[in-house]
Amino acid sequence: MLTLFPWLSALAALSVVVLAAVVRGRFYGIFAGVILTVQTLVAWALAPSFSAVLPLYVYLQAVVYLHFAFLVRPNMRPRWFRAMVSLPASFFAAGTLLAFPWAIVVAFGGTPYGFFIPYAVAAFGLVQSLAGRFEEIDLALDEAPAPDLARWALGSTRVDRPLRVVQISDPHLGPFMSESRLHEIAVRAVAADPDLVLLTGDFLTMESHHARAALARALSPLSALPGRVFACRGNHDLEAPHTVADALADVGAKLLIDDAALVDTPAGPVQILGIDFYFENRAQRTRDACMAHPRLAGHLRLVLLHDPGAFRHLPDGEADLVLSGHTHGGQLGLLTLGLPHTFVSAFTKIPDHGLWALGRNRLYVHRGTGHYGFPLRVGVPREESLLRIHVPLRA
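With the first letter of the sequence shown counted as 1, position 311 gets the number 311 in this note's numbering; the numbers rise by one all the way through.
Don't read these hints as lab results, they were simulated from the structure.
A few of these clues could be false.
Label-pair restraints from in silico Cβ distances [said to hold, decoys possible]:
| id | residue 1 | residue 2 | range |
| --- | --- | --- | --- |
| 1 | Arg151 | Pro315 | 39 to 45 Å |
| 2 | Asp288 | Gly227 | 24 to 30 Å |
| 3 | Ile137 | Val38 | 33 to 39 Å |
| 4 | Met291 | Ile104 | 49 to 55 Å |
| 5 | Val38 | Leu296 | 39 to 45 Å |
| 6 | Leu130 | Leu238 | 24 to 30 Å |
| 7 | Asp246 | Asp193 | 23 to 29 Å |
| 8 | Asp148 | Met291 | 49 to 55 Å |
| 9 | Leu130 | Asp160 | 37 to 43 Å |
| 10 | Ile30 | Asp160 | 51 to 57 Å |
Yeah, the Cβ is synthetic: ideal placement off N, Cα and C, and Gly gets one too.
I would like the entire structure built from these sequences, with the hints used as guidance.
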C-alpha cells in the first residue's frame, strides 16, 4: 500500500482538480489545484512515518479528496457526511499543511522527528473549533484620541443601563457550521435578551450558496426580536447575494447596504449604519456611505463593517463603535494561552480581535461564530458573546 500511495494520491488529486475546473469553474479549479498539490506532496513525504497506522492515514487522505470533490456542487451535507468526511478531512488537511516543515526535512534526506506534532495540534484545533462558551463582555466607550491604530483597553466606566448587543459574525454555514448548530447559537442569542442583534456578514461557504431555506431556518429564532436585528454583508455573501438577502428577509432581519436605521432602545436612541463590503475604492465608498447618512445628535452611532481593515477609512469621530468580523479572531494564535498574538497580527496590520481605537473612533472585532479558509481554529476560540456597551455622559 505504501508503494501505491503516491501514485493513487496523485491520480486522485488530478481527478478532483479537473472535476473542479470543469463543473464549478476555473477559479475553484485553481484553488483546489494549489491546496491539493501542497496537501499531496506533504502527505507523500510523511506517509512512511505513519506506516504503523497506514490504513487510517490513507482513509484520511482519501476523505480530503472526497471533500473537495463534493464542493463542486453547492449543497449542504447530511450529518453522517460531516462526521465521516468533512470533519476528518478538515483535521487531516490542517495537520498536513502544518506539517510542511517536516516534509522539507524529509525532502533533504533528514529524519522528521516529532512528525506527529502538527497532527496533535490539528486535533486540538478540531476540538476547539467545535467547542465554545457564551461570554459577557463589558465595553466602555471613551473619547480619548488614539494617534495611531492600536489595541484599546475595554475600560472601567459603568452606567446603570448599558446597551446590550449580541453580535453574530462569520457563521459560515457549511462543513463546520451545520444548520442545527447555527440554530442553537441563534437560540442562545435570543435568550440573552439583547437590545440589538447585529449580524456582521459572511453567512455562507461554498456548500451553502443555494441554501436560503437552511440559513433562514438556522436564524429563525431571531424572528422573536422584531425590529432589533440588523445585518451587513461580508465578502463571501457577495458570492450568493440573493441567498443571503432572502434568508435575512425571511427572519425579519434588516440588511443594511450602505444604509442606516434608527432604533429606540432601553439604553437610548441608536443609529446603525451598515457599510457594504467592497473590493475596490473602499476608502471613497466608505466615506460616501458616511456622508450619505450623517450621524444624528443624541444618538449612539454604531457602524457595521465586516472587514476591520476598512476601519481606518472612516472619518475621525464618525462612529462611537464599529462592529466587525472577517478575521475569525486571527484563527491561529495564542489567545488560549492568555496572549493576544495571532497569525493576522504577526503578518498584517489588520485588527484581529477585541477592542481597537484610531482617533476618536472605536472598533470591536468579533472572533467569529464560525470559520472558513484554513480548516480549523488553533489557539483562537470562536466567540458567542453579549456586549454591554457603556457610554459615559458627555458634556
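Evaluation of the provided hints:
In this structure the hint that Arg151 and Pro315 lie 39 to 45 Å apart at CB is violated, the actual value being about 22 Å. Roughly 27 Å separates the CB atoms of Asp288 and Gly227, a value that falls within the hinted 24 to 30 Å. Remark: the range hint 33 to 39 Å for Ile137 to Val38 is upheld by a beta-carbon distance near 38 Å. With their beta carbons about 52 Å apart, Met291 and Ile104 fall inside the hinted range of 49 to 55 Å.
Between Val38 and Leu296 the Cβ separation comes to about 51 Å, which falls outside the hinted range of 39 to 45 Å. Checked against the hint of 24 to 30 Å, the C-beta distance between Leu130 and Leu238 comes to roughly 28 Å, which is consistent with it. For Asp246 paired with Asp193, a C-beta distance near 28 Å keeps the hint of 23 to 29 Å intact. A C-beta distance of roughly 25 Å is found between Asp148 and Met291, which places it outside the suggested range of 49 to 55 Å.
Checked against the hint of 37 to 43 Å, the pair Leu130 and Asp160 passes, with Cβ atoms roughly 38 Å apart. Range check, Ile30 to Asp160: about 56 Å between beta-carbon atoms, so the 51 to 57 Å window is met.
Checked against the numbered hints above, the structure breaks hints 1, 5, 8 and satisfies the rest.
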